[in-house]
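Student: Start from the sequences, fold in the hints, and give me the full structure.
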Amino acid sequence: MDTRQKIQRENDIDNEGILLKIKNIGEQYLACRPAREIADAVEALLPDLDEVMLVEVAFQNPTARAFPPHKDYRLSVLKTLISRLDGHWDLGDALYTELSTAMSAESHEGFVTYSINEKCGSGPFHVTLKENRAFASQGTTGLKSWPASRILLEVLLRLGNFSGRRILELGSGVGLTGLCVLKARPLIESFTFTDCHAAVLDTLRENIQINLSNGDTRARVQLLDWCVGGHISDNVLIVGADIVFDRDIISSLVNLITGFLTQNNSCEAIIANIIRNNDTYSTFRTAIKNHCIVDTIEVKEFWYFDKVIDDYEVIRIKSKLK
Numbered sequence: 001m002d003t004r005q006k007i008q009r010e011n012d013i014d015n016e017g018i019l020l021k022i023k024n025i026g027e028q029y030l031a032c033r034p035a036r037e038i039a040d041a042v043e044a045l046l047p048d049l050d051e052v053m054l055v056e057v058a059f060q061n062p063t064a065r066a067f068p069p070h071k072d073y074r075l076s077v078l079k080t081l082i083s084r085l086d087g088h089w090d091l092g093d094a095l096y097t098e099l100s101t102a103m104s105a106e107s108h109e110g111f112v113t114y115s116i117n118e119k120c121g122s123g124p125f126h127v128t129l130k131e132n133r134a135f136a137s138q139g140t141t142g143l144k145s146w147p148a149s150r151i152l153l154e155v156l157l158r159l160g161n162f163s164g165r166r167i168l169e170l171g172s173g174v175g176l177t178g179l180c181v182l183k184a185r186p187l188i189e190s191f192t193f194t195d196c197h198a199a200v201l202d203t204l205r206e207n208i209q210i211n212l213s214n215g216d217t218r219a220r221v222q223l224l225d226w227c228v229g230g231h232i233s234d235n236v237l238i239v240g241a242d243i244v245f246d247r248d249i250i251s252s253l254v255n256l257i258t259g260f261l262t263q264n265n266s267c268e269a270i271i272a273n274i275i276r277n278n279d280t281y282s283t284f285r286t287a288i289k290n291h292c293i294v295d296t297i298e299v300k301e302f303w304y305f306d307k308v309i310d311d312y313e314v315i316r317i318k319s320k321l322k
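Note that the UniProt record's numbering gives residue 257 to position 257 of the sequence shown, counting from 1, and the numbers run on in steps of one.
None of these hints come from the bench; they were simulated from the model.
Some clues are possibly wrong.
[Stated by the list, open to error] Subject to a maximum C-alpha distance of 25 Å in a straight line, what follows is the list of computed DSS-like cross-link-like pairs (lysine-lysine):
(1) K21 to K79
(2) K307 to K21
(3) K23 to K130
(4) K183 to K23
(5) K289 to K300
(6) K130 to K71
(7) K71 to K21
(8) K289 to K318
(9) K307 to K23
(10) K183 to K300
(11) K130 to K183
(12) K183 to K307
(13) K79 to K130
(14) K79 to K23
(15) K130 to K307
Tutor: The structure is reproduced here in structure tokens:
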């Protein structure tokens, strides 16, 4: 290999490294990570940053075009980037053009795409969700993903391949938990998403359509009112994330879970919660422990998502009759 070929090879390797880093920035952008984190990652590429490559790969890739984040988030990222780079980097037209395009775009609810590095068999995959990032929208908190969903997934994806298993989720939100399980565990028999709010159920159906093939019959959407209850079949794993948040619903939630486990003691539940109010969570935990066997599940490592720093607990609930 002559000197010119060696230099070209080294340049190709450098470009591949930059491309990989920009792809990672694109994943951060699609996951709606804080704008400052994205700006930090871009700034770390200086002085080797390729502005055109950044825009095309991170902000104009097929997923970003088909399922873009909310307009406000796009503007925040682009303005933060331009502000950070302006003055010590010779900006071209690419970022300004992308900002202009974002400013003229119509507002929409926006999408969040999570990239999951699956370590237990299925390989990397991503899940795209229509979300409303506001705390509450249309009278419900169910139109966004909550941190405990990620904690619950850390537990579920380590429990095996779920071959022939059925899972029912209480308060499914936009479907992060279920869609990740369905993508990562093709042998699962069914995953039933539930909620009591029509807008949440409609969003769940949209997100299932985005992420799964039309012929996939494993995903089911069901109206479930905790105050009314329902029927459960054999050997169902009941799961829930961030469903203990209001003292007024604790009695209904406890009655629902204990009712299911009494109907069929082959079932069990795994519930993950961020503890936002100690009194509220303690009331739930005491009430459920009065009726069921409750054990804590420790999450010592986070394999799939960034570590959740909030105070949280994951519990396994079984019938005392089992």
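Student: Are the hints correct? Go through all of them and say.
Tutor: Hint-by-hint comparison with the structure:
For the hint pairing K21 with K79, the CA-to-CA distance comes to about 20 Å; that is within 25 Å, so the pair holds. Annotation: proposed proximity of K307 to K21 holds, straight-line Cα distance about 21 Å (limit 25 Å). Proximity of K23 to K130 is assessed by CA-CA distance (about 22 Å); at most 25 Å being required, the pair is judged to hold. Restraint check for K183 and K23: the C-alpha separation of about 22 Å stays at or below 25 Å, so the hint holds.
For the proposed pair K289 and K300, the alpha carbon gap of about 24 Å is at most 25 Å, so the pair holds. Taken as a hint, the K130 and K71 pair is honoured in the structure, with Cα atoms around 13 Å apart against an allowance of 25 Å. Between the alpha carbons of K71 and K21 the distance comes to roughly 24 Å, so the proposed pair stays at or under 25 Å and holds. Among the hinted pairs, K289 with K318 is consistent with the structure: their alpha-carbon atoms are about 10 Å apart, no more than 25 Å.
Pair hint K307 plus K23 holds up; C-alpha atoms about 22 Å apart against a cutoff of 25 Å. With a C-alpha separation of about 24 Å, the suggested pairing of K183 with K300 holds against the 25 Å cut-off. For the proposed pair K130 and K183, the alpha carbon gap of about 17 Å is at most 25 Å, so the pair holds. Distance check on the hinted pair: K183 and K307 sit about 22 Å apart at the alpha-carbon level, within 25 Å; holds.
A C-alpha spacing of about 24 Å is found between K79 and K130, which places the hinted pair at or below 25 Å, so the restraint holds. Straight-line distance between C-alpha atoms of K79 and K23 comes to about 20 Å, which keeps the hinted pair within the 25 Å bound. Simply put, K130 and K307 have alpha-carbon atoms about 23 Å apart, close enough for the 25 Å limit, and the pair holds.
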